[in-house]
Every structure is written in structure tokens, then in C-alpha cells.
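Undergrad: The lines below spell out each chain.
2 protein chains.
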Amino acid sequence: MMCPKNDSYHLVEIPTIQIIGVKGLPIIKKGDNLAELACDTAERQGIPFQDGDILVVSHVVVSRAEGNVVNLDNVVPSDFAKTFAQEFGKDPALVETILRESRSIVRMGDGKLITETKHGLVCANAGVDNSNVPGERNVALLPKNPDSSAQRIRQEIRKLTEKDVAVIVSDTHGRPLREGEINIAIGVAGIRPIRDRRGEKDLFGYVLKVKRTAIADELCSAAELVMGQANEGIPVAIIRGYSYPKSESAKAIELTRPREKDLFI
Amino acid sequence: MMCPKNDSYHLVEIPTIQIIGVKGLPIIKKGDNLAELACDTAERQGIPFQDGDILVVSHVVVSRAEGNVVNLDNVVPSDFAKTFAQEFGKDPALVETILRESRSIVRMGDGKLITETKHGLVCANAGVDNSNVPGERNVALLPKNPDSSAQRIRQEIRKLTEKDVAVIVSDTHGRPLREGEINIAIGVAGIRPIRDRRGEKDLFGYVLKVKRTAIADELCSAAELVMGQANEGIPVAIIRGYSYPKSESAKAIELTRPREKDLFI
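First to last, the sequence lines map onto chains A and B.
To convert, count from 1 in the first sequence and add 8; that's our numbering.
To convert, count from 1 in the second sequence and add 8; that's our numbering.
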């Protein structure tokens with residue numbers, strides 16, 4: 009520990025992770041090859057993909073590329089949707105779209121709709137998103153199968169670059185008991201979403217009993233810091249330097265705790 | 009967009025955030041000056057603090073430095089603690105310590121204790137932590153006032169280095185409806201924990217109505233990726249390159265949604 013100030017020689021290897029925003033992607037539209045656009049853009053930026061990178065992709069661009077966008081003018085609302093919409097000054101077609109994406113309703117109160125989506129996620133408005141979608145009456149749904157979307161992007165990147173890149177599809181997520189939203193993982197490919205540390209020892213030899221870290225959620229939250237959520241135009245980020253547990257079969261549903269097993273609610 | 013492969017010349021400025029683990033801190037004990045140790049260690053690593061850095065500190069080392077550690081052998085359990093402990097094979101002194109840190113109980117089931125701490129946080133075991141605390145019978149409590157702890161560290165860093173560094177105290181957090189834990193913020197200094205983006209426009213001019221990003225939680229989750237939670241011995245991380253909203257008066261309690269206002273539960 010004798011190295012002087014400002015010396016670039018390090019006695020200790022410094023663990024560093026980089027979160028790199030992929031900037032300059034075109035506006036994503038139906039049929040676009042997201043993987044190819046991400047590869048091209050990253051390469052032009054001088055940050056071509058490397059083995060071990062993690063690519064975090066906002067679900068909105070995945071949905072746009074997959075054409076999973078609905079024009080509310082084409083939605084005929086049910087009586088139930090109309091009743092709820094009228095009571096709270098909502099758009100009946102938007103309420104109908106949310107109901108169609110849901111398999112059950114967790115809470116309807118104060119004009120807010122918390123539902124369980126067909127994927128099993130519990131979230132506001134079934135993840136139906138009217139920001140960052142071109143066209144005033146267009147809303148983006150969640151991708152139909154976010155794990156498959158992630159897997160397709162992963163395979164396409166491997167084909168184009170021969171690099172082993174894990175892919176995570178992220179969503180913005182309002183939380184029980186916490187204010188503000190964070191980004192979480194709704195689809196994964198090539199990475200285990202939870203790092204199970206039970207059985208490992210801590211600094212003092214104490215064997216950990218309950219540590220299971222939701223690393224896919226943490227990676228999405230880290231990526232949000234560069235992606236932003238408004239007009240930055242950075243729907244894709246690379247996380248470089250993080251050593252993660254690999255898996256070809258893991259799915260994001262592992263991150264969802266069934267409501268009936270939940271102790272908090 | 010004509011720059012060739014591997015050219016270091018970038019036509020687009022690349023938004024990059026670094027998460028840097030501060031490695032090589034001594035084992036923190038009561039009375040240690042955490043800020044000074046972090047400054048010294050970061051400087052020896054060749055990564056001295058810069059203006060605009062965010063320092064994320066695990067609550068366990070804050071509690072150890074502040075002496076907020078309890079030896080369970082010195083705790084006399086109440087009858088209630090003994091009854092619950094006996095039913096589920098728990099340590100009565102540990103249950104008593106959890107109850108003493110709590111102002112109400114949210115759930116007691118299956119041997120698990122979810123409580124609301126005196127700070128107003130809802131969490132498992134009132135945040136009482138028996139990992140990474142030396143001494144088999146010692147447990148770390150949450151810092152008494154994590155915002156004040158963060159502020160003290162921030163002021164001390166400014167005194168030692170003249171740099172403006174935001175400080176966040178983090179905790180590992182099990183979540184309603186999600187499996188696995190993530191790190192969140194329980195104390196802040198110099199940073200607004202929520203970035204309020206309502207009123208900003210998205211990429212297509214749509215005015216955002218609901219975006220309030222819990223950036224302090226996202227920063228703690230990002231930091232966890234280098235800090236780990238087991239035997240890495242990295243209780244402190246620097247986040248560099250993230251432009252955050254500054255505040256001298258913000259508090260982490262802004263991240264806590266009162267139970268009576270929660271729609272999810």
C-alpha cells in the first residue's frame with residue numbers, strides 16, 4: 009500500500025462495471041431487426057459487443073419491433089371497461105386494452121388499475137405504455153413472450169458477431185410500499201436472473217441462509233441510469249465487466265413470487 | 009457515421025457510468041472514520057474522489073462504525089418474543105431485538121417476521137442482520153438515522169478532499185411480489201432520491217404523466233453488482249459519471265410509501 013498519489017499502478021485489482029448507453033439507434037418500427045441495429049450502432053460508437061456483455065433492452069422497443077402496438081381507435085370497449093373509464097375520466101379503449109392484457113385484477117381504486125398480466129406479472133395498467141410510442145392513439149403492450157424476445161436478440165447477436173451476450177428485456181415498475189419506479193427484468197436469455205448465494209460464507213465465515221440476489225432486476229435498474237425514461241432516445245444499454253451465472257434455460261418468471269405465497273400482502 | 013471499426017474516434021458522445029468497487033478497506037469496527045478510510049483506500053487504488061461521484065455504503069459497515077451492534081447474549085427476551093421464537097425454532101433474543109427495532113408488525117407467519125421499523129421502512133426482521141458482523145452472537149441493527157449517517161460521511165469527505173460527493177446508505181431488501189433481494193437506499197445526502205420527470209416530453213413529444221424514478225434505489229442496486237453480499241469485502245462503491253439532481257435537504261423517507269396509501273397491498 010505504498011503507491012503514491014496519482015500513480016496509475018494499482019496494487020489492488022479494482023472491480024469495475026461499466027454501464028454504456030447505446031446512442032444513435034434509429035426510431036424502432038415494426039419489423040426492425042433490433043439485434044442488428046444494436047450491433048451496428050455499438051460498433052460505430054467504438055464499443056462493439058464483447059463476450060460476457062449484458063445487453064439490456066427496453067420492452068417498448070421490443071414491442072415496437074415485434075409490432076405489439078395497439079391503436080386505441082380500433083379497440084371496442086366492453087361495458088365493464090366503459091363503466092370504470094367513465095367513473096374516473098379514463099379512455100374506455102385504454103381500459104379495455106389493459107383488461108385484455110390481464111388475467112386478473114389486483115386492485116381497482118382511485119382510477120388506478122393494478123392487474124396480473126397474462127405473463128403473471130403484477131403491475132400498473134398491465135404494462136400498457138403510452139410513452140415513447142409514435143402516434144397519439146398508439147400504445148405499446150408488453151412483448152408477448154419477453155424471454156423468447158430476449159433469446160432471439162441473443163441468438164441474432166451471436167450470429168452477427170460470434171459473441172456470447174446475455175440479453176435482458178426491462179420494464180419500468182411501480183412497487184408496493186416504495187415510492188418512485190425502478191426498472192426490472194421481464195425477459196432474460198443467457199443469464200440466471202437470481203444469483204443464489206445460500207451456503208456461501210460471509211467475511212467472517214457465517215454461512216448465508218437467505219441471500220438470493222435478483223441480479224437481473226439490479227442490472228435493469230443499473231441500465232436505467234443511462235437509458236433514462238424520457239427523451240434520451242437510449243432504449244438499449246450494455247453492461248460490461250459483470251461476471252454473471254450463465255444459463256440457457258432460465259426464465260424471468262423466476263423473479264415473480266406468486267401472490268398466494270407472498271408474506272407482504 | 010463513417011468511422012471505421014476499432015477507431016477510437018467517436019462521432020457520438022457515449023453516455024457511460026462506472027460502478028467502481030472500493031476494495032481493501034480494513035474490517036470496520038466501532039469508532040472507525042468510514043469517510044477517511046474510504047478516501048484513503050480510493051486514493052491508494054488510483055481512483056480518488058471526484059466532484060459528482062456518488063458513494064454507496066452498505067448499512068452494515070455504517071452500523072459497525074457507529075457501534076450499532078447488539079450482542080444477543082445481553083438481550084433479555086419478553087414473553088411474547090419467547091412464545092414466537094419457541095413456536096418456530098428461533099432465537100428468542102434475536103426475535104426480541106427485532107421487536108425492539110420495530111414500531112409495528114406487518115406479518116408474522118411461517119416463522120418470518122415482516123415489521124415496520126422505527127424509521128418507517130417495511131422489511132424482514134426490521135433490518136437486523138447477522139451476516140458480515142464479527143462475533144457469533146453479534147447482530148447489526150440498521151443505523152439509527154441513516155440520512156444523518158450519510159450526511160456525516162458526505163461532510164467528512166468534503167473536508168478531506170474538497171470534493172462534492174453524494175452519499176447513499178444501502179440495505180438489502182426482500183420485496184413484495186418479487187423473488188430475490190435487491191439493494192435499496194435507506195439514507196441519502198446531497199442527492200434527491202427520486203428524479204421527478206412528470207412534465208418532461210418523451211421521444212415523440214408525449215408529456216410524461218407518471219414518471220418518478222427512484223434513482224437512489226437504482227444506484228444502490230447498481231452498486232450491489234460490485235459490492236456483492238457475501239465475502240467480497242467490498243462494502244463501499246463509487247458510481248461515477250451519473251448526473252443526478254442535487255439536494256441538501258432530501259431524505260430517504262421520500263422513497264417509502266405509507267402502508268395506508270398503498271394500492272398494491
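Heads up, some of the hints might be wrong.
Lysine-lysine pairs mimicking DSSO-like chemistry, simulated, CA-CA at most 27 Å apart [to be verified]:
id: 1; chain 1: A; residue 1: Lys219; chain 2: B; residue 2: Lys37
id: 2; chain 1: A; residue 1: Lys259; chain 2: A; residue 2: Lys269
id: 3; chain 1: B; residue 1: Lys126; chain 2: A; residue 2: Lys219
id: 4; chain 1: B; residue 1: Lys98; chain 2: B; residue 2: Lys126
id: 5; chain 1: A; residue 1: Lys269; chain 2: B; residue 2: Lys98
Computed from the model, here is a short list of chain A residues facing chain B with C-beta under 8 Å [as the list claims (entries may be wrong)]:
id: 6; residue: Leu168
id: 7; residue: Ile190
id: 8; residue: Glu232
id: 9; residue: Leu263
Pulled from the structure, derived: some chain B residues nowhere near chain A, Cβ distances all over 12 Å [stated by the list, open to error]:
id: 10; residue: Arg111
id: 11; residue: Asp210
id: 12; residue: Ser257
Calculated from the structure, these hints are not laboratory results.
Glycine residues also receive a C-beta, built at the ideal position from the N, C-alpha and C atoms.
Undergrad: All the hints need checking, so say for each whether the structure fits it.
TA: Now for the hints, and whether the structure bears them out:
1. Between Lys219/A and Lys37/B the CA atoms are separated by roughly 24 Å; this keeps the pair inside 27 Å, and the hint holds.
2. A threshold of 27 Å between alpha carbons decides the hint, and for Lys259/A with Lys269/A the separation of about 19 Å falls inside it, so the pair holds.
3. Proximity of Lys126/B to Lys219/A is assessed by CA-CA distance (about 24 Å); at most 27 Å being required, the pair is judged to hold.
4. Our distance criterion of 27 Å between C-alpha atoms is met by Lys98/B and Lys126/B, whose separation comes to about 22 Å.
5. This hinted pair checks out: Lys269/A and Lys98/B have alpha carbons roughly 21 Å apart, not beyond 27 Å.
6. Interface hint at Leu168/A: violated, since its Cβ lies 13 Å from the closest Cβ of chain B, which is beyond the 8 Å cut-off.
7. Annotation: Ile190/A was flagged as interfacial toward chain B, and the flag holds, the nearest CB pair being 5 Å apart, inside 8 Å.
8. About 6 Å separates the beta-carbon of Glu232/A from the nearest beta-carbon of chain B, less than 8 Å, and the hint is met.
9. The criterion of a C-beta within 8 Å of any C-beta in chain B is met by Leu263/A, whose closest approach is roughly 5 Å, and the hint holds.
10. Every CB of chain A is more than 12 Å from the CB of Arg111/B (nearest about 15 Å), matching its label as outside the interface.
11. A beta-carbon of chain A comes within 12 Å of the beta-carbon of Asp210/B; the shortest separation is about 5 Å.
12. Annotated as non-interface, Ser257/B keeps its C-beta farther than 12 Å from every C-beta of chain A; the closest such distance is 17 Å.
Hint check: violations occur at hints 6 and 11; the rest are consistent with the structure.
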